[in-house]
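Peer 1: If you read the protein sequences in the order shown, they are chains A and B.
Its first residue numbered 99, the first sequence is counted upward by one per residue in the working numbering.
Its first residue numbered 237, the second sequence is counted upward by one per residue in the working numbering.
Please note that the accuracy of each hint is not assured.
Sample of chain A residues facing chain B (criterion: CB under 10 angstroms; computed from the structure) [claimed, not checked]:
#	residue
1	PRO115
2	LYS128
3	LEU137
4	SER138
Lysine-lysine pairs mimicking DSS-like chemistry, simulated, CA-CA at most 25 angstroms apart [as the list claims (entries may be wrong)]:
#	chain 1	residue 1	chain 2	residue 2
5	B	LYS383	B	LYS450
6	B	LYS660	A	LYS128
7	B	LYS651	B	LYS509
8	B	LYS660	B	LYS517
9	A	LYS128	B	LYS509
10	B	LYS509	B	LYS355
11	B	LYS295	A	LYS128
12	A	LYS128	B	LYS383
13	B	LYS457	B	LYS440
14	A	LYS128	B	LYS450
15	B	LYS674	B	LYS536
16	B	LYS355	B	LYS312
17	B	LYS295	B	LYS312
18	B	LYS355	B	LYS369
19	B	LYS457	B	LYS536
20	B	LYS383	B	LYS457
21	B	LYS509	B	LYS459
22	A	LYS128	B	LYS296
Hints in this document: simulated from the structure, not taken from any laboratory.
Built from N, CA and C at the ideal position, the CB exists for glycine as well.
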Amino acid sequence: MQQAKHKQHQQTAATAPTAPAPMPTIAVRKSCNPDGIGLSHYVLMDKKAAK
Amino acid sequence: MTAAALSRADIGPAFIPVDIGHDVYAAVTDPSTAFWALVDKTRIQEELAGGSLLDAYRKKVGDFARELHALRFELKPSGVYLNPTERCNLNCTYCYLPGEQRSNGSHMPHETLNASLGKLRDYFRSVMPEGRKPRAIFHGAEPLMNKEAVFSAIDAFGDDFVFGLQTNGTLLDDAALEFLTSRNVSIGLSLDGPFAGVTDATRKTWGGKSVHDKVLAAMEKLKGYGSWSVITTCTTENLPYLTQMVELFHAHEVPTCMLNTVRCTLPGARGVKPADGDMAKAFFAAMDRTHELYRETGRKLMVANFANILIGILAPTARRLMCDISPCGGGRAFFALAADGGLYPCSEFIGLPRFNGGNLLAEGGVEAALASAAFQTVTTRDVDTFSPCGDCAIRHFCGSPCPAEAHEMNGGMEKTGAFCEFYKEQVNYAMRLIADGKANDYLWDGWDEDTETIFNHVLN
């Protein structure tokens, strides 16, 4: 384990530091026919349960 | 089109950056269409200046604008909240209905309830697509104070409506439970504390007796039923116990709960209103605990008011609650019928006579109410048109609820609701979950089965 750590250290020292690649952009939108009627005094979230 | 709008059209859509408090991601939004994207902070300047994300969005901006406009301005009502009585056997600190009505009010006569449902059925048939049933929710005051009329109506109109019942749970005996569950009526309860000392601070009988154990007994009996929920109204009295609250709900296998901010429409509620920052801290701790419980047991406890914020971001048209959209659903997606036959945009307005849109059984009925000045005051409340909402990046994820409390507490329809900063923090929290790939953990399985993905931009 110590040998492996030493080797890794040598590799790191020999390579110029690079900035990490940017994380992927996330952008999602879904759509359906609206039929919500809930209010803060009552809600039924699952459409199937209401049928 | 105004000069400003023409100018915007020339330039095209632009993004607003939002710091969501995430280590890696920031959000960019176009609030006018409820569009959002999560972008690596190191790349945010180039995305704001233009790039493949903006190019992809430009191709869709018209579709998104039309979709949001239809959701905000073109819905027809598909649900009604029915108050079959003015009376309640409890005297909760924050109730939005006047105490005089709840203590000495009247029941809606059985014949009037049936005549009302007949007229409502005919109205909904005229505006809803064939094959879709409207929802009719018996609501409070306490609907089971007029149980015989309610149950008779459910049997008489079972083919015409999908029924629900919001109750304080104290009158939900075995016979009532058998009646309701055998007819697949959705049942909502209310409980404010993980133990009696906390619940009793805001919810008790007129004589000051605790109802905590009765609600727990009803919850125990509802275990395994497919369609029930429990509402907790968050106040200064129970805020330190929200995490224990969700632990209790999860242990009782509650499928769905709401941890609602107290509605500050009437003065009594304002005395137990938590500060936005305190509300956010306790709420997110409770949300984090629901996630831990899900990871430990594989069983979700849906916190519906938060799930609705998430859905409003991921799929604006799939939202189930219609409070967090502007104009809100009151008088558009649903309306309320008071025990005296009066029509109101929402139950929240029943104690405020100026919002009475007329009597259901009078000439004109629902159509006249929808067109009334009383309803229009609510249905034209548009966050695009007043400050500070008009410049807010998240205004169509929030909707600045609630118009009743904006009007009564803050002085007008063109005012914010009671918990502006808390809503901003909720949206940030939701965005962080999306960034971390955890959003589905907070939504019920299959929530998006009826949806179509209309935008899915991944830029590596």
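Peer 1: Check each numbered hint from earlier against the structure, then list the numbers of those it violates in ascending order.
Peer 2: Checked against the structure, the hints that fail are numbers 1, 9, 10, 12, 14, 17, 21, while the rest are satisfied.
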